[in-house]
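**Student:** Per my numbering, the very first residue in the sequence shown carries number 1; after that it's consecutive.
No wet-lab data here; the hints were simulated from the structure.
One or more hints might be untrue.
Unchecked claim - Okay, the calculated beta carbon distance ranges per label pair:
#1 P19 <-> L221: 29 to 35 Å
#2 I202 <-> R118: 27 to 33 Å
#3 G68 <-> C133: 16 to 22 Å
Just so it is clear, CB atoms sit at the ideal spot from N, CA and C, and this is done for glycine as well.
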Amino acid sequence: MLGPLEQLLRPGLAAALPPGQDLQTGPAPAPGGTASRVAIHARRLVQDDPNTPDERPSRDPAFQGWQGTLAATLEHPLDFILPDDAPGDLTEVHCPPGRVLAAGDAYLLDGRTLRFFRAPPGPVLARTRGAPCAGYQERRNSRIDLELQAWARDMSTADDLLARALAAVLATVSGLDVIDLSSAPPHLSLRLTAPRVSLAGIERNLDPDNPERLHCVAHCLIRGELETSLILGAPDPQGRISEVDVALHLPSRPPSGG
1 MLGPLEQLLR PGLAAALPPG QDLQTGPAPA PGGTASRVAI HARRLVQDDP NTPDERPSRD
61 PAFQGWQGTL AATLEHPLDF ILPDDAPGDL TEVHCPPGRV LAAGDAYLLD GRTLRFFRAP
121 PGPVLARTRG APCAGYQERR NSRIDLELQA WARDMSTADD LLARALAAVL ATVSGLDVID
181 LSSAPPHLSL RLTAPRVSLA GIERNLDPDN PERLHCVAHC LIRGELETSL ILGAPDPQGR
241 ISEVDVALHL PSRPPSGG
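With the hints as extra help, turn the sequences into a complete structure.
**Tutor:** So, in structure tokens, the structure goes:
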């Protein structure tokens, strides 16, 4: 479930490395036939323990919704129409993935059509929110442990590769508003909102499994608020008052005169 983060960071990482550089995602061994290798590995996601009972995560109501990639219309390449199966109202537009666009600055919403002012720089992703449903949404401060690794036959090459990789990751995460970690629509969604990345440490040594390779590792922490949304289906039926009859009883007047 951490693979989407590695894939989100991979393009910027590949662009920062020398052409043709061996680049791996996830757990990776030392290079065999290649002279050097770079790997990016999101090791684990950890939720912070609350310091006080008041900081314990609360569960909010869940809502039906939709998320997906929009395609431009053939007649108007700057227009993107929400599909008919996207219930509710538009809540977020991402372009490129992970960066939330502000309505009015990048696009206008005309009914169910997003009208962009200029060509989007990448895929356009949209999210909608509809009626309440069974399930819950929970938010909790969390962190992701991320490792950048570089192997090479000499230390200067390993250091250079690690520095390039680290600079690319820091720059990419700094431009993100949200990281989608897992999505199994319409049931489960995990997102890390307002991500912040920091360097926790750097190690250098000989790879124990391949002593001919020098091994450099940069440990990074990505902190943010983990948003967990679990959709369990339509809400349980509830009785509703369909009609209220009101009868007014006026006090009788005493007879006049006499």
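**Student:** Indicate, hint by hint, whether the structure satisfies it.
**Tutor:** Verification of the supplied hints:
no., hint, result
1, P19 <-> L221: 29 to 35 Å, "holds (30 Å)"
2, I202 <-> R118: 27 to 33 Å, "violated (40 Å)"
3, G68 <-> C133: 16 to 22 Å, "holds (18 Å)"
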